[in-house]
Amino acid sequence: MKKIPYNLARERKIDGRRFARTLGVLLLALAAFNAVTVFNLTRLQRRDRAEQTDSRSAVRLLKTLKEQTRSQQEQIVLMKKAWERPLAAANSLIERKRFSFVARLDFLERACGSGTLVRQLSIVNAPAARVQMTVSALAQNRLLQLYKKLLPYELAIANENQIAGDYLARVSFRIPDEKK
Amino acid sequence: MKKNKLLVTVLLALLAVSAAGCLFSFAYVSWQELSRQNRLRALQDFELQEKAARALNAEYREWQKLPGALRSFRRRHLLSMDEFAAFRRELDARLAANGLRAPRIDLSFGASRNGMRKVLVKFSLEGSYRELKKFIFAMEAKAKMYFFGSLQLSASAGKVKGAFTMEVVLGE
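Keeping their order, the protein sequence lines are chains A and B.
When the letters of the first sequence are read in order and numbered with the numbering used here, they come out as residues 1 to 180.
When the letters of the second sequence are read in order and numbered with the numbering used here, they come out as residues 1 to 172.
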């Protein structure tokens, strides 16, 4: 004879294991949400506190800095006005004192090889001044060799003459100061 | 059964509140991140301004040192009238040491400018190229503020003739 089970309870019977699992999942999700929230907020708070302190002190410093800068700028303008001319005069003197005639003569000795003779030479102590030189050679190729050496120094050839087998040229150029 | 239902309902409500809180925390963090970016930008500006201020401060200190440096430059390098006499002796000594003689030396005193007076010294020499170069070298090596303004050399019969101008700066 077949048994027929009847549930006479008013409400459905609860599956204890399933209910516990559901409860567990709910609790876990709750814990996870809360943990994420707490993590987000505390991290933000920690970082913010440090940065806000920095930015507050930066703002204070910036104010002081701006005042100091303004006052220094004003004083620099005044000092420039008072000392610019004496400074320019001193710098110009130093520049002229540094100008070396010996260095220029050394350069010419290296540039003019054998077979050439410098007949006249004029050097002026000025930054833009050019060396003027009259040079003679027994063969024209000696002069050409000299021209080649002087080409990088803004060489200008005024004239070249041949007088009784002697080649004579008037040139000018600019020699850099080797002391610099 | 009722208790269980209530428990689940409460838990679901709490879960909803937590989820909302979590979402809010993300939104809040993003919003704070934006204001943090502004703060960081302000900090960077501050660093730039601090750098500029440091450079300006260095320039300011240099300008403050300038009067002293110029005084020291004048004291050490410009010649007083007494030292000008010493310069004349030095010039004669250097000429004699190199076997040179200047038949004539012309001096012309310029006007005073910026507390300085220039004296132009003109002379001509005749000797070997080596002697003239040694003389130029000896005069250039001196620390005092006198220097050659120009020189013109011309070669003739184994000798070199040189026309020199020198400038001597006197401090007043």
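There's no promise every hint is true.
Lysine to any residue pairs mimicking SDA-like chemistry, simulated, CA-CA at most 25 Å apart [claimed, not checked]:
#1 B:K134 with B:A111
#2 A:K97 with B:E167
#3 B:K161 with A:R17
Listed next, the stretches of chain A that the computed footprint assigns to chain B, with coverage defined by at least 3 CB atoms under 8 Å from CB atoms of chain B [to be verified]:
#4 70-77
#5 120-127
#6 146-154
#7 161-174
I should point out that these hints are in silico values taken from the structure, not numbers from a laboratory.
Model, not experiment: these values are computed from the prediction.
Glycine included, each C-beta is placed from N, C-alpha and C at the ideal position.
**Study point:** Hint numbers not upheld by this structure, sorted from lowest to highest
**Key:** 1, 3, 6, 7
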